[in-house]
Amino acid sequence: GDSVTQMEGPVTLSEEAFLTINCTYTATGYPSLFWYVQYPGEGLQLLLKATKADDKGSNKGFEATYRKETTSFHLEKGSVQVSDSAVYFCALRDTGRRALTFGSGTRLQVQP
Amino acid sequence: GVTQSPTHLIKTRGQQVTLRCSSQSGHNTVSWYQQALGQGPQFIFQYYREEENGRGNFPPRFSGLQFPNDSSELNVNALELDDSALYLCASSDGTGKETQYFGPGTRLLVL
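Each protein sequence line maps, in turn, to chains F and D.
First residue of the first sequence: 1, per the working numbering; consecutive thereafter.
First residue of the second sequence: 1001, per the working numbering; consecutive thereafter.
The following block holds chain F by itself, in its conformation from the complex:
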């Protein structure tokens, strides 16, 4: 079945540091890939997405590239801010499927 594996957290960085959160996936078809962010006490917000191999999703300084050869969709940001502190979820929706399959989430803590 479909699955998503994310790096364990928490990830603790200083402000303006470079961020990478690793995400790898297993799917039977040609999935669409997503990153969602969850701020404390809130629901999920779509951060970015990519629907086919080699697509790059980007938003608010965050980027992720759909790598079919390595089945990966790593999230990166060049310079994090305290306001980026949240839990980040990688997710996929496989071809013909209704549901999103989520990873377990990675908590990011950015210190001033």
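Hints are not guaranteed to be accurate.
Unchecked claim - DMTMM-like mimics (lysine to aspartate or glutamate), calculated; alpha carbons at most 20 Å apart, straight line:
no. : chain 1 : residue 1 : chain 2 : residue 2
1   : F       : 49        : D       : 1093
2   : F       : 56        : F       : 76
3   : F       : 52        : D       : 1098
4   : F       : 56        : D       : 1098
5   : D       : 1011      : D       : 1082
6   : F       : 52        : F       : 69
7   : F       : 56        : F       : 94
8   : F       : 68        : F       : 2
9   : F       : 56        : F       : 69
10  : F       : 49        : F       : 76
11  : F       : 77        : F       : 94
12  : F       : 49        : D       : 1098
As the list claims (entries may be wrong) - Listed next, the stretches of chain F that the computed footprint assigns to chain D, with coverage defined by at least 3 CB atoms under 8 Å from CB atoms of chain D:
no. : stretch
13  : 33-42
14  : 45-53
15  : 94-101
Quick caveat, the hints were computed from the structure, so don't treat them as lab data.
Values in this document were obtained by computation on a predicted structure and should not be read as measured data.
Ideal placement from N, C-alpha and C gives every residue a C-beta, glycine not left out.
Starting from the structure of chain F, add chain D where the hints point.
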């Protein structure tokens, strides 16, 4: 955007609960997810044009409804302690390549 009510709820084991969701304007598909503490969301089911359109690995005591105005309900009967979680509703436009947009969730505590 997607709205959910109530924001918080406390119930006791064995009771029944109804959670509500209003979809984003123009969206005809709604999905429900359960997010246990410290975990990623798990798919419960999806409704499209008032019919259940897919279901995850949840027992029949989890049921739903979708109304003509694309609002939706999640009903859980015979509550168990493990049902304590954040319940998320997500709406989408049903085109097949759609993105799901999430509401803020309802946090349910079962005592």
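Okay, the hints, checked on the actual structure:
no.: 1; hint: 49/F / 1093/D; in the structure: 16 Å, holds
no.: 2; hint: 56/F / 76/F; in the structure: 11 Å, holds
no.: 3; hint: 52/F / 1098/D; in the structure: 14 Å, holds
no.: 4; hint: 56/F / 1098/D; in the structure: 17 Å, holds
no.: 5; hint: 1011/D / 1082/D; in the structure: 12 Å, holds
no.: 6; hint: 52/F / 69/F; in the structure: 12 Å, holds
no.: 7; hint: 56/F / 94/F; in the structure: 18 Å, holds
no.: 8; hint: 68/F / 2/F; in the structure: 15 Å, holds
no.: 9; hint: 56/F / 69/F; in the structure: 15 Å, holds
no.: 10; hint: 49/F / 76/F; in the structure: 13 Å, holds
no.: 11; hint: 77/F / 94/F; in the structure: 26 Å, violated
no.: 12; hint: 49/F / 1098/D; in the structure: 11 Å, holds
no.: 13; hint: 33-42; in the structure: holds (count 3)
no.: 14; hint: 45-53; in the structure: holds (count 4)
no.: 15; hint: 94-101; in the structure: holds (count 5)
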